[in-house]
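*Asks:* Sequence:
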Amino acid sequence: MNYIELESIGTVVYENGMAYPINEDGTHDTGCEWGGVHIKDCSTEWWSYMSMADALVLFPFLAERFAGYHTEGYMKWAVEMFSIVEENNNEYVNFEDSWIYSNTLGDA
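Residue numbering for the sequence shown follows our numbering, beginning at 29 and increasing consecutively.
Since the hints were made in silico from the structure, they are not lab data.
There may be inaccurate statements among the hints.
Unchecked claim - List time: in silico SDA-like cross-link candidates among lysine to any residue, alpha-carbon distance up to 25 Å: (1) Lys104 - Asp82; (2) Lys68 - Phe110; (3) Lys104 - Asn118; (4) Lys104 - Thr72; (5) Lys68 - Glu43.
Working from the sequences, and respecting the hints, build out all of it.
*Replies:* Shown next as structure tokens:
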């Protein structure tokens with residue numbers, strides 16, 4: 029799959045890092061007038077509305093598929109954005125115990 033749907037914020041993120049709205053009928057609005065937003069350009073407000081469940085599948089997806097994962101500054105950015113999700117959901121994750129992709133999907 030070359031995208032992941034984030035239900036809590038009504039957004040789809042493609043493996044190239046572009047985020048688009050999900051229409052009410054479930055289709056991806058890749059033709060929206062503003063052309064989508066790169067994941068690293070999404071506002072802190074956008075991140076603050078994301079559920080912890082969505083964050084726990086988004087970041088492993090980006091690690092496996094997003095070319096920007098290997099760029100300088102990615103990890104710092106990812107930790108900062110994940111912290112926003114944690115604080116706004118009042119849920120905190122111990123990555124030493126749980127940052128295994130299959131664990132985030134409930135397969136382990």
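*Asks:* Does each hint fit the structure? Answer for all of them.
*Replies:* To see whether the hints hold, each was checked on the structure:
no.: 1; hint: Lys104 - Asp82; result: holds (19 Å)
no.: 2; hint: Lys68 - Phe110; result: holds (12 Å)
no.: 3; hint: Lys104 - Asn118; result: holds (21 Å)
no.: 4; hint: Lys104 - Thr72; result: holds (15 Å)
no.: 5; hint: Lys68 - Glu43; result: holds (13 Å)
Checked against the numbered hints given earlier, the structure satisfies every one of them.
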